[in-house]
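Enquirer: Residue-level listing of the chains:
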Amino acid sequence: MASGVKPRVKVPKKAAAGETITIKTLISHKMESGQRKDDDGNVIPRSIINRFTADFNGENVIDVTLEPAISTNPYFQFEAIVPETGEFTFTWYDDDGDVYTESKSITVS
Amino acid sequence: MKIAPWIAIAAFGFAGAAVAQDDNTLNVEGETLLTETAAPAHMDSVDTIYSGWRFRSSETQALQTDDFDNPGMIFVDTAIEQWDKVDGSEGKACSSCHEDVADFAGLRTKLPRVDNGELVTMENLINECRTDRMGAEAWKWSKGKMTAMTALIGLQSRGMAMDVATEGEAAPFWEKGKELYYTRVGQLDMACSNCHEDNYGVMIRADHLSQGQINGFPTYRLKNAKLNSIHGRFKGCMKNIRATPFAEGGDEFKALELYLASRGQGLSVETPSVRN
Chain A
1 MASGVKPRVK
11 VPKKAAAGET
21 ITIKTLISHK
31 MESGQRKDDD
41 GNVIPRSIIN
51 RFTADFNGEN
61 VIDVTLEPAI
71 STNPYFQFEA
81 IVPETGEFTF
91 TWYDDDGDVY
101 TESKSITVS
Chain B
1 MKIAPWIAIA
11 AFGFAGAAVA
21 QDDNTLNVEG
31 ETLLTETAAP
41 AHMDSVDTIY
51 SGWRFRSSET
61 QALQTDDFDN
71 PGMIFVDTAI
81 EQWDKVDGSE
91 GKACSSCHED
101 VADFAGLRTK
111 LPRVDNGELV
121 TMENLINECR
131 TDRMGAEAWK
141 WSKGKMTAMT
151 ALIGLQSRGM
161 AMDVATEGEA
171 APFWEKGKEL
181 YYTRVGQLDM
191 ACSNCHEDNY
201 GVMIRADHLS
211 QGQINGFPTY
221 RLKNAKLNSI
231 HGRFKGCMKN
241 IRATPFAEGG
251 DEFKALELYL
261 ASRGQGLSVE
271 TPSVRN
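The listed protein sequences correspond, in order, to chains A and B.
For the first sequence, position 68 matches number 68 in UniProt numbering, and the numbering has no gaps at all.
For the second sequence, position 190 matches number 190 in UniProt numbering, and the numbering has no gaps at all.
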């Protein structure tokens with residue numbers, strides 16, 4: 001059970017054709033590594049975001065596997081050249097089966 | 001790196017002292033914040049006051065210039081949710097009485113202040129609302145919900161100049177804070193002033209000593225990846241000099257908070273700032 005998980009994405013609203021834009025994404029997540037123990041000495045089960053993908057108009061742009069060593073609130077920033085007006089869809093896959101998505105549209109002139 | 005004139009004084013007796021500040025100006029979301037100004041008249045041995053932002057590495061500095069990159073904003077987001085959350089026996093949320101959190105613009109610059117003969121900080125005001133008007137339990141001074149809420153309310157004043165009252169009713173508290181600031185305590189027998197007045201800009205182990213300004217609190221620290229309250233930071237300082245810390249929310253720390261705020265008069269509020 002993950003609480004307080006909230007994806008945040010920053011994509012420019014407009015871009016020129018062929019322009020390189022910077023996309024920033026962040027999801028607030030505990031990223032429990034599975035290595036820690038609670039006060040009673042029991043191992044706290046692993047609970048991380050294990051995969052992050054970004055799609056543009058249905059086409060996969062980036063696909064990342066996340067490992068337990070990644071710290072709280074994983075942040076991804078990458079650059080993209082946008083060929084046409086469309087929509088970015090960002091997806092985070094949680095260990096507990098939850099899937100978080102966020103969409104941002106961009107207008108290319 | 002540019003050598004600022006003050007370093008000649010600050011580095012007295014410390015050969016090869018590093019210069020921390022550069023010419024950077026702090027732009028947050030298009031707004032320029034004042035990170036350097038003339039020291040208030042009551043400070044005898046300091047001419048210019050600098051925000052702690054000026055003492056950090058450029059990578060850490062950059063985090064604060066963009067609200068998306070600023071990790072403190074995650075906590076502000078949680079406070080925005082908390083703002084509308086009903087809690088306590090009266091069935092009220094913050095938003096039941098306070099229409100818009102933006103109404104608190106300017107509040108951060110005036111705190112701590114004297115109310116009915118008592119020195120109050122933002123934490124006091126929040127807990128007063130929670131216990132007296134919401135019928136809810138008071139939040140712990142430095143716990144997540146409290147620091148998130150003080151960050152959200154403080155954020156409304158971002159860019160405004162610190163301007164606490166030190167005269168009149170506040171004078172005795174201010175005097176007490178000043179005395180604490182200059183009193184040596186702990187096994188290492190150090191006062192706040194030994195580091196933050198006599199040696200700011202000098203390395204302390206791998207880090208630059210700042211002037212100990214509190215205009216950016218609650219501050220997100222990279223070392224513990226959460227927002228840190230002013231009193232929590234005081235506690236950390238006191239542990240470092242091997243003293244027994246005063247209680248968070250106690251009279252001593254509140255008085256010290258007032259005195260420190262007055263040492264930063266004129267600096268822009270940076271809440272929530274990013275430090276290491």
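Think of the hints as simulated: they come from the structure by calculation, not from any bench.
Among the hints, erroneous ones may be present.
Stated by the list, open to error - Derived SDA-like pairs (lysine to any residue); straight-line CA-CA distance at most 20 Å:
1. A:13 - B:30
2. A:13 - B:143
3. B:176 - B:160
4. A:30 - B:194
5. A:13 - B:243
6. B:226 - A:13
7. B:226 - A:107
8. A:24 - B:60
9. A:13 - A:70
10. B:223 - A:101
11. B:143 - A:3
12. B:145 - A:33
13. A:6 - B:69
14. B:226 - A:32
What the hints assert, rightly or not - Taking CB as the label site, the calculated pair distances span:
15. A:34 - B:144: 18 to 28 Å
16. A:96 - B:29: 28 to 38 Å
17. B:48 - A:22: 46 to 56 Å
We put the beta carbon where it would ideally sit given N, CA and C, even for glycine.
Enquirer: Against this structure, judge whether each hint is valid.
Expert: Against the structure, the hints come out as follows:
Only pairs whose Cα atoms come within 20 Å are accepted, and residue 13 of chain A paired with residue 30 of chain B is accepted, the gap being roughly 18 Å. Our distance criterion of 20 Å between C-alpha atoms is broken by residue 13 of chain A and residue 143 of chain B, whose separation comes to about 37 Å. Note on residue 176 of chain B and residue 160 of chain B: the hinted pairing is violated, with a Cα-Cα distance of about 26 Å set against a maximum of 20 Å. Restraint check for residue 30 of chain A and residue 194 of chain B: the C-alpha separation of about 38 Å exceeds 20 Å, so the hint is violated.
Taking the CA atoms of residue 13 of chain A and residue 243 of chain B, the gap is about 53 Å. The hint is violated against a cut of 20 Å. Of the supplied pair hints, the one linking residue 226 of chain B and residue 13 of chain A is violated, its CA atoms being roughly 31 Å apart against a limit of 20 Å. Simply put, residue 226 of chain B and residue 107 of chain A have alpha-carbon atoms about 36 Å apart, too far for the 20 Å limit, and the pair is violated. Taking the CA atoms of residue 24 of chain A and residue 60 of chain B, the gap is about 17 Å. The hint holds against a cut of 20 Å.
For the given pair, residue 13 of chain A sits about 29 Å from residue 70 of chain A by alpha-carbon distance, which is inconsistent with the 20 Å threshold. A threshold of 20 Å between alpha carbons decides the hint, and for residue 223 of chain B with residue 101 of chain A the separation of about 30 Å lies outside it, so the pair is violated. A distance of roughly 17 Å separates the Cα atoms of residue 143 of chain B and residue 3 of chain A; the hinted pair therefore holds under the 20 Å criterion. For a cut-off of 20 Å, the pair hint linking residue 145 of chain B to residue 33 of chain A is broken: about 24 Å separates their Cα positions.
Simply put, residue 6 of chain A and residue 69 of chain B have alpha-carbon atoms about 15 Å apart, close enough for the 20 Å limit, and the pair holds. Distance restraint check for residue 226 of chain B and residue 32 of chain A: the Cα-Cα separation of roughly 16 Å lies within the 20 Å cut-off, and the hinted pair is therefore satisfied. In this structure the hint that residue 34 of chain A and residue 144 of chain B lie 18 to 28 Å apart at CB holds, the actual value being about 23 Å. At roughly 35 Å, the beta-carbon separation of residue 96 of chain A and residue 29 of chain B lies within the given 28 to 38 Å, and the hint holds.
Between residue 48 of chain B and residue 22 of chain A the beta carbon distance is about 36 Å. The supplied range of 46 to 56 Å is therefore violated.
Of the numbered hints given earlier, the model fails hints 2, 3, 4, 5, 6, 7, 9, 10, 12 and 17; all others are met.
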